[in-house]
Amino acid sequence: MDGSTERAEGVRKERKKLTAVEKRSIYGFATAAIPLIGFLIFNFIPLCIAIATMFVDMSGYDFGTMQWNNFANFATVFKDTRFWHSVGVSFILTVPHMLGLVISLLLSAMLAQKYRGHKLFKALFFVPYICSSVTIAVIWNWIFDQNIGILNDLLVRLFRLEEGPQWFTSPLHFTMMLITVMVWQAPGYGIVMFSAAFTNVNPALYEAAELDGAGTVRKFVSVTLPAISPTIFYLLMAGIIAGLQTFDIPQIFAGDTWTGAAGPNDAALSTSLYIYITGITFSHMPVASVMSMVLFLIIFVALFLNFKLQNKWVSYDV
Amino acid sequence: MTYKENAATAPVGEELLRRKTNGKRAKLIAKITVYVLLGLYTLWVIFPFLVILLTSLTSQEQLSSTMNFVWLPKPLTMEAYRVVLFDDIYAAWLYGDALSSILHGFLNTMWQVVPSTLAGLFISGLSAYAFAKIRFKGSDVLFMCLVATMMVPGAVLTMPSYLFYDAIHWTNTVLPLIIPGLFGAAGVTFFLRQFFRGLPDELIEAARIDGLNDFSVYVRIIMPLSAPAFIAQGVFMFVGGYNNYQGPLLYLSNYPQLAPLQLAVQLFMGGYGNPAIRCAAAVVALLPLLVLYCFLQKYFTQGVAMTGLKA
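Those sequence lines, one after another, are chains A and B. Here this note's numbering is used: the first residue of the first sequence is 1, the next is one more, and so on. Here this note's numbering is used: the first residue of the second sequence is 1001, the next is one more, and so on.
Keep in mind the hints are simulated off the structure, nothing from the lab. A virtual CB, placed ideally from N, CA and C, is assigned to each residue, including glycine. Honestly, I wouldn't trust all of these hints.
[Stated by the list, open to error] Beta-carbon label-pair distances, calculated as ranges:
1) B:1076 with A:120: 25 to 35 Å
2) B:1096 with A:78: 20 to 30 Å
3) B:1076 with A:180: 26 to 36 Å
4) A:72 with B:1273: 41 to 51 Å
5) A:176 with B:1290: 22 to 32 Å
6) B:1169 with A:281: 42 to 52 Å
7) A:216 with B:1111: 47 to 57 Å
8) B:1175 with A:301: 28 to 38 Å
9) B:1098 with A:146: 30 to 40 Å
10) A:210 with B:1179: 28 to 38 Å
11) B:1096 with A:75: 42 to 52 Å
Isolated chain B, as found in the complex (with noise of 0.2 Å):
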């Protein structure tokens, strides 16, 4: 290190003292600066929020009588709201009931989703587990094939799984979307795996010796030990299950009583010319993830970031 050679050349006496006080200053200055650009990043983000709240509080009658963008509705109206949740015109027609489009596509996506990413979540650490503690025979081939099938872009797999769930018959079904999630994901494996390695392995065999097998020490040690990293894993695929738009897309396209919610967004906003509704659908849309987020937002990024880095 060049520390030492420099320390001899470091400033002393009222030299240091007067930049102290300059120093000071500066801090402050740069304080305030950055105090204004969160600010302004901060404006960048909600803005969009802001808008789209404020277009579906909106009337229909001041936005067609308006030939600009209304800055204040007058009067605030839950209208659209009360369209987009109990007086959608193509939910009698569609499910012959009378619960709207999101309505549905919000059940739909909990009853896609919810099982498969939870039953994915135990497989990926049972797999993790064996990778950790398990001594067996081909467990670095087995490893090294895991980390290649990462490697490999999802864009390139999309038309062959379709032709591939086509030659099968499960393009207009909900199978594409939920039987290949059971067999866990191999991001979520190779995480897991690395936080089961940080448990000590006398805790296994202790358990060993009380005679539990290799399942039950997973699912009676392993899994209540490592509860945060299943959550932060857990909430990472649920979002990414929540938001999916390309896998609906290609399999329930032509099939909206299944479309989960991103799709009968989608769906719905054809239906619908008033921005007012379209708004309020995002926003609805939009709403349970956030307030979700609101309640693990630690969870929230911390599966972000162990799934990223770590190679």
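So that you can see chain A by itself, here it is in the shape it has in the complex (with noise of 0.2 Å):
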């Protein structure tokens, strides 16, 4: 064998290499694609057909009726004193989000005592996190029954009243429902989420802050809160966006199928129940479509807002 040809055995050997890392370098990206692929086909061609939409009238869901019309949808969409309104109902609906943060700190907080028993309480509040809505709206409709349920027996014997509050005909308790329905599932995911939060506090603060003589109170608020408030933003962030999206209990406890009403003077109106009653009840795909880049529009704004402000109170230096 002469120098030639091993020299073009080494050249042939290290194409061969080179083929061999390009595979690999080809396989990464087609796997890592996938979910992409995914996305790509079922959620972002959709999009920008709902956007193609929004700037014609269309019978039905039938493409070949469309027609370019000036704009008109978006006239419909911010002259709709309803749509509007579901916009308020959605952010109404944040409330339970907001009271779960709340509530899920405290217990968090309290759970991080490690008194006996912590882990138990802890799997227990956790559970209505799982529950589905569908059960959870039987469950409730069931409690706040205007005539047998329990809640309205227990306050007419406590207040000795006539009759219970009206929960499904007056728009004010039929919120205060829904609110306190959303408040009970709420808080399970902040539990999880905060009681990592609590283990990952470094020791030593709260080891200089007792030098210091602060209390336990002293010390959540100076040590603790700070080194959370991450994550307290981060459910934060977290409830907006649930809040704003929220569909499941409104629709099954108002949502009618036939006329597209939602609960007495539209309480239960979510915007995404809106959207769907239009699309969906009314086969009005085009106004649907701006309806839903509205909601798009509202979340973003309202989550850049949130994420402007947190430099005031948030800390990622512990």
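Build the complex from these two chains, which are given one at a time in their own frames, with help from the hints.
Right under this line is the structure:
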């Protein structure tokens, strides 16, 4: 074998090696991209189609009838008082998530004392979070039943009322009911997140605070709260996102598949529910698309403002 | 730190002792207060379950004769459960068999959710492995796109997806509930990637020198090593699928034969005015998940905690 063939062999080997690396690179790209391809097909392309429908009239879901309409859909949405009412309802439905945040913070603080049985309590408090919205609706519908529900029975006996509140006919009571139901479910997530955050607080900080003579409450306010502020911030964001998108509970409690009504004075008309009613019950897909985009914008602005405010109170340096 | 300066002014001697005994009493009071509050919250959490359990065991006669809530069912009866599980009047004309809507719903949930969850989990892991352990061109861009998809609120995508599925004739089928999940989930990929990055590279290099390709490395080495992470994510996905209401409502409302459990419970409600039956249906629908929770509690909370933060 002379030198030149040896060299050629070497080059060939080099090439082979290169292709192996390239092959691996291709394999990596191809497998890594699968979830994105799914998103592209089932979410991104539909999103583009929906954006296109925002500018047209269309009968039902038939693309063949698409016709440019000079932004009439936007005018429809912006003049629709029912839509803006639904935005208000959605903001009201972020309240249970905020309450859930406070409740889970207090509960986790108590659980963090690690008294006997804290694990059992924690396991129990998480249960509402895994219950489906349908079962939750069934349960609370029965509790709030105006005539023979347990709640009104208790209220009538305790306060010697003539009759209990009309939970399903008064808008105010309906809203209170929805908030109660959602507050029952909400804290489970926060408890898990806060419990993790509490265990990550640097113990040296507590020792230092103790030497300074800080009591339990003082330690909580001055050490724990700043240390877990990123988790509070995250849960606040998650709560806003979840609240503004609320669909299941209002739909099951009040959604009328035939008329598109949503509780007394539309008290349960969250934006997601209104989008559903517009797009499915009334088949006004272009208008529903505009509403979806406005909801997107609202969520985005709410998160953006929250994000901008975070450096006033969130500390990442502990 | 201000620790050193303040140490000088820290209490000493008797003062410290007095504080300690006071502290003991304060600690006891604190402990009692905490237990009372946790106890009250426990009551609040289990109260709704007790209520439906109680009502589900009440006879229809007692419910309709009492004009108030029935606190003491007399006699205790399993009649409502019998109707829910075995004697559903709609079963015959809806399905043409004796199996009740709720049991049909449960079976539908199982075949619609379990295989696609497992496949989605496998694919998410496959993708996560590439992100964590393979160097390839464009991985950063791809990963940024992946994270970006997680930022899009689901409610915004509902109607666009419906329109799309309608165009390809997938409405009134189970396909929209199954097929997208087969591509894996961005959140799960994101988390598993984080987990895989913690596994040593030497392990993979050694296996590759032994002649395994990346796919085999993933299946034979990474997956067994990451079983807890997979279980946590799988449980999380399964609960999501089991509890999913909006998806089936959109695509299977007109097709009760294919309705999964949640939709079946919801449709079933309309047919029965008897509160005992509604409560029994809710208990039956809750039970499988609660049993699963009892056994896999650790994974339930892990799955939630991991998919959350970590950005």
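Would you say the C-beta atoms of residue 210 (chain A) and residue 1179 (chain B) sit inside 28 to 38 Å of each other? violated (57 Å)
Do the Cβ positions of residue 1096 (chain B) and residue 78 (chain A) conform to the proposed distance bound of 20 to 30 Å? violated (50 Å)
Beta-carbon spacing of residue 176 (chain A) to residue 1290 (chain B) - inside the hinted bounds 22 to 32 Å or not: holds (28 Å)
Mind checking the hinted window 25 to 35 Å against the Cβ distance between residue 1076 (chain B) and residue 120 (chain A)? Given a distance of about 28 Å, which is inside 25 to 35 Å, the answer is holds.
Starting from the hint 26 to 36 Å, judge whether the C-beta atoms of residue 1076 (chain B) and residue 180 (chain A) obey it. Roughly 29 Å apart at Cβ, these two residues keep to the hinted range, so it holds.
Is it true that residue 1169 (chain B) and residue 281 (chain A) lie within 42 to 52 Å of each other by Cβ? violated (21 Å)
A range of 47 to 57 Å was offered for this pair. Does it hold for the Cβ distance of residue 216 (chain A) and residue 1111 (chain B)? holds (53 Å)
Outcome of range test on Cβ distance (residue 1098 (chain B), residue 146 (chain A); 30 to 40 Å): At roughly 36 Å between Cβ atoms, residue 146 (chain A) and residue 1098 (chain B) fall inside 30 to 40 Å, so the hint holds.
Given the hint of 41 to 51 Å, check if residue 72 (chain A) and residue 1273 (chain B) actually sit that far apart at their C-beta atoms. Holds, since residue 72 (chain A) and residue 1273 (chain B) (Cβ atoms, about 45 Å apart) stay within the stated range.
Holds or violated: 28 to 38 Å for the Cβ distance of residue 1175 (chain B) and residue 301 (chain A)? With a Cβ separation near 35 Å, residue 1175 (chain B) and residue 301 (chain A) satisfy 28 to 38 Å, so the hint holds.
When you take the CB atoms of residue 1096 (chain B) and residue 75 (chain A), is the distance between them in 42 to 52 Å? Given range 42 to 52 Å: holds, Cβ gap about 50 Å.
The structure fails to meet hints 2, 6, 10 from the earlier list, while all remaining hints are met.
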